[in-house]
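Sequences are here, hints too, so could you generate the full structure?
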Amino acid sequence: MKNNKLVLPPDIKVLLVPFLSLAVLFFVASFGIRIGFSEIAKQKEEIATVKKEITVLSDKEKLLKQVQSDYSQKIETFSQAIPEKNPVLAVLSQVKLSAQNKGLFVQKIKVGGGVPSKDLSTVDISLEITGPITGTIEYIDSLGKLAPIVTVQKIKLSQSGVTTASLNLRSYFAPFPTKLPTLTEPAKNLTADEKKIIEKMISLTPPLFLELVPTGITNRVDPF
Amino acid sequence: MATFNLLPTELTPKGSLQKIANLIKKFSTIGFAVFIVGAVAMLSFYLINYFQLKNIVAEQKKLETSVKSLQKTEQQLILIRDRIAKAKTIWATETVIDNLNAYKKLINNLTSDIAFNDVAVDAKKTALSISINNSTSLSQFMSQLVSQNIYESIILKSFTFSQKAGYELVLETLIK
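Respectively, the protein sequence lines represent chains R and V.
The first sequence begins at 1 in our numbering and counts up one residue at a time.
The second sequence begins at 1 in our numbering and counts up one residue at a time.
Derived from the structure by calculation, the hints contain no laboratory data.
Quantities reported herein were computed from a predicted structural model and do not represent experimental measurements.
Backbone N, C-alpha and C define an ideal beta-carbon position, used for all residues, glycine too.
Treat each hint with caution, since some may be false.
Calculated cross-link-like contacts (lysine to aspartate or glutamate; reagent style EDC-like; alpha-carbon spacing at most 20 Å) [as the list claims (entries may be wrong)]:
{"hint": "1", "chain 1": "V", "residue 1": "Lys86", "chain 2": "R", "residue 2": "Glu84"}
{"hint": "2", "chain 1": "R", "residue 1": "Lys154", "chain 2": "V", "residue 2": "Glu172"}
{"hint": "3", "chain 1": "R", "residue 1": "Lys200", "chain 2": "V", "residue 2": "Asp82"}
{"hint": "4", "chain 1": "V", "residue 1": "Lys88", "chain 2": "R", "residue 2": "Asp141"}
{"hint": "5", "chain 1": "R", "residue 1": "Lys154", "chain 2": "V", "residue 2": "Asp122"}
{"hint": "6", "chain 1": "V", "residue 1": "Lys105", "chain 2": "V", "residue 2": "Glu172"}
Counterexamples of contact, computed for chain R against chain V with all Cβ distances above 10 Å [as the list claims (entries may be wrong)]:
{"hint": "7", "residue": "Ser93"}
{"hint": "8", "residue": "Leu97"}
{"hint": "9", "residue": "Gln100"}
{"hint": "10", "residue": "Val106"}
{"hint": "11", "residue": "Lys108"}
{"hint": "12", "residue": "Ile109"}
{"hint": "13", "residue": "Gly112"}
{"hint": "14", "residue": "Gly114"}
{"hint": "15", "residue": "Pro116"}
{"hint": "16", "residue": "Ser126"}
{"hint": "17", "residue": "Glu128"}
{"hint": "18", "residue": "Ala192"}
{"hint": "19", "residue": "Val213"}
{"hint": "20", "residue": "Pro214"}
Right under this line is the structure:
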């Protein structure tokens with residue numbers, strides 16, 4: 001009978017098992033190390049990203065809470081200072097009221113077409129003020145403290161007994177921002193310069209609006 | 001008692017090879033042990049990271065919810081920033097008030113024999129038309145104008161004299 005068994009020489013046989021076990025060790029170790037390290041690296045990367053986002057969100061939350069407590073009640077001031085739509089009526093009301101308070105007489109009011117723009121539109125107003133010189137100058141000064149924001153472009157003063165001042169004023173309006181940043185976009189703190197402007201805007205005199213309250217249902221008298 | 005090796009000598013491996021085989025066996029055993037220890041360490045590290053990640057993701061979600069609940073305030077902040085930028089632009093271009101303030105300083109110290117007829121103030125310059133009764137007041141006014149040190153240039157546009165009205169000056173001033 002023929003022997004089919006592979007007979008290995010004893011020298012090779014003695015080395016085969018240790019070499020095979022060593023090969024298996026290298027194979028398993030190299031795979032294990034590669035997979036293990038890549039998974040841990042991924043985790044580390046993910047942790048770093050999440051930590052970064054947490055910092056951004058935490059800063060944002062802090063800033064928003066600060067804004068909420070400081071400016072939430074005064075938010076109308078900002079939209080009154082530079083309104084969304086042409087503020088000419090509010091400006092005229094403000095300008096007349098301010099003149100009235102200083103005992104000045106307003107006449108020859110003219111409203112220009114204005115310059116529409118995507119960013120900041122303007123509307124020009126010209127008027128004539130009559131009254132004493134000190135009151136007139138005080139009045140021109142006070143225009144800078146009104147909301148909507150008014151800037152004086154040109155002044156012509158003529159004095160013959162009373163002072164007549166021809167003023168060229170400009171008021172501004174701009175559409176409200178429509179885009180919100182993404183949730184994880186960092187929010188910058190308000191700078192000292194910005195806070196200064198905020199204080200100036202808050203100190204502006206807002207226009208007076210009458211709120212008409214609707215009357216309730218009343219019993220109608222039967223005319224017949 | 002004597003020991004016998006009944007194996008034929010051709011079936012016995014060489015002594016040196018047997019030693020190498022034993023060395024490799026020891027090496028692989030130590031290697032496996034090191035590998036097992038390393039694998040356990042790696043797994044522990046992985047689990048620590050896994051739980052840390054789970055905790056910080058929960059914290060992140062909590063913050064996201066909080067920030068989302070403050071969305072109205074975020075809109076307000078964006079409006080405030082937008083209006084600040086615009087107000088800054090507007091106020092940066094306003095220079096008439098500086099010229100007006102210079103004029104205010106000038107009229108504060110006027111004597112009764114000096115009168116301003118017409119004043120035109122714009123962003124760049126101030127044009128003044130002044131009537132002065134006598135030469136003493138004229139020299140006082142001119143020295144006062146120069147000593148204020150707020151003007152970059154003072155241009156005398158016209159100078160007239162009549163017995164009835166006195167001196168009449170038209171000046172154009174540019175502030176610094």
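Hint check results:
A threshold of 20 Å between alpha carbons decides the hint, and for V:Lys86 with R:Glu84 the separation of about 12 Å falls inside it, so the pair holds. Of the pairs offered as hints, the one joining R:Lys154 and V:Glu172 holds, with about 15 Å between alpha carbons and a cut-off of 20 Å not exceeded. Distance hint between R:Lys200 and V:Asp82 is fulfilled; the C-alpha atoms sit about 15 Å from each other, no more than 20 Å. Using a Cα cut-off of 20 Å, the hinted pair V:Lys88 and R:Asp141 holds, with the two alpha carbons roughly 18 Å apart.
Of the supplied pair hints, the one linking R:Lys154 and V:Asp122 holds, its CA atoms being roughly 5 Å apart against a limit of 20 Å. With a C-alpha separation of about 16 Å, the suggested pair V:Lys105 and V:Glu172 falls inside the 20 Å cut-off, and the hint holds. Listed as outside the interface, R:Ser93 is consistent with that label: its C-beta sits roughly 20 Å from the nearest C-beta of chain V, beyond the 10 Å cut-off. Residue placement check: R:Leu97 keeps its beta carbon more than 10 Å from all beta carbons of chain V (closest about 21 Å).
Against chain V, the non-interface label of R:Gln100 holds: every CB pair exceeds 10 Å, the least being about 21 Å. The beta carbon of R:Val106 is kept farther than 10 Å from every beta carbon of chain V, the shortest such distance being approximately 19 Å. For R:Lys108, the requirement that its beta carbon stay farther than 10 Å from each beta carbon of chain V is met, with the minimum near 17 Å. The Cβ of R:Ile109 lies farther than 10 Å from every Cβ of chain V, with a closest approach of about 19 Å, so its non-interface assignment holds.
For R:Gly112, the shortest C-beta to C-beta distance to chain V comes to about 16 Å, beyond the 10 Å cut-off, and the non-interface label holds. Even its closest Cβ contact with chain V, about 14 Å, leaves R:Gly114 beyond 10 Å, as expected for a residue assigned away from the interface. In this structure R:Pro116 is separated from chain V by more than 10 Å, as the shortest Cβ-Cβ distance comes to about 15 Å. With a closest Cβ-Cβ approach of about 13 Å to chain V, R:Ser126 is found to remain outside the 10 Å limit, as its non-interface label requires.
No Cβ of chain V approaches the Cβ of R:Glu128 within 10 Å, the least distance being about 14 Å, so the stated non-interface status holds. In this structure R:Ala192 is separated from chain V by more than 10 Å, as the shortest Cβ-Cβ distance comes to about 12 Å. The Cβ of R:Val213 sits about 26 Å from the closest Cβ of chain V, beyond the 10 Å cut-off, so the non-interface label holds. No Cβ of chain V approaches the Cβ of R:Pro214 within 10 Å, the least distance being about 27 Å, so the stated non-interface status holds.
When each numbered hint is compared with the structure, no violation occurs for any of them.
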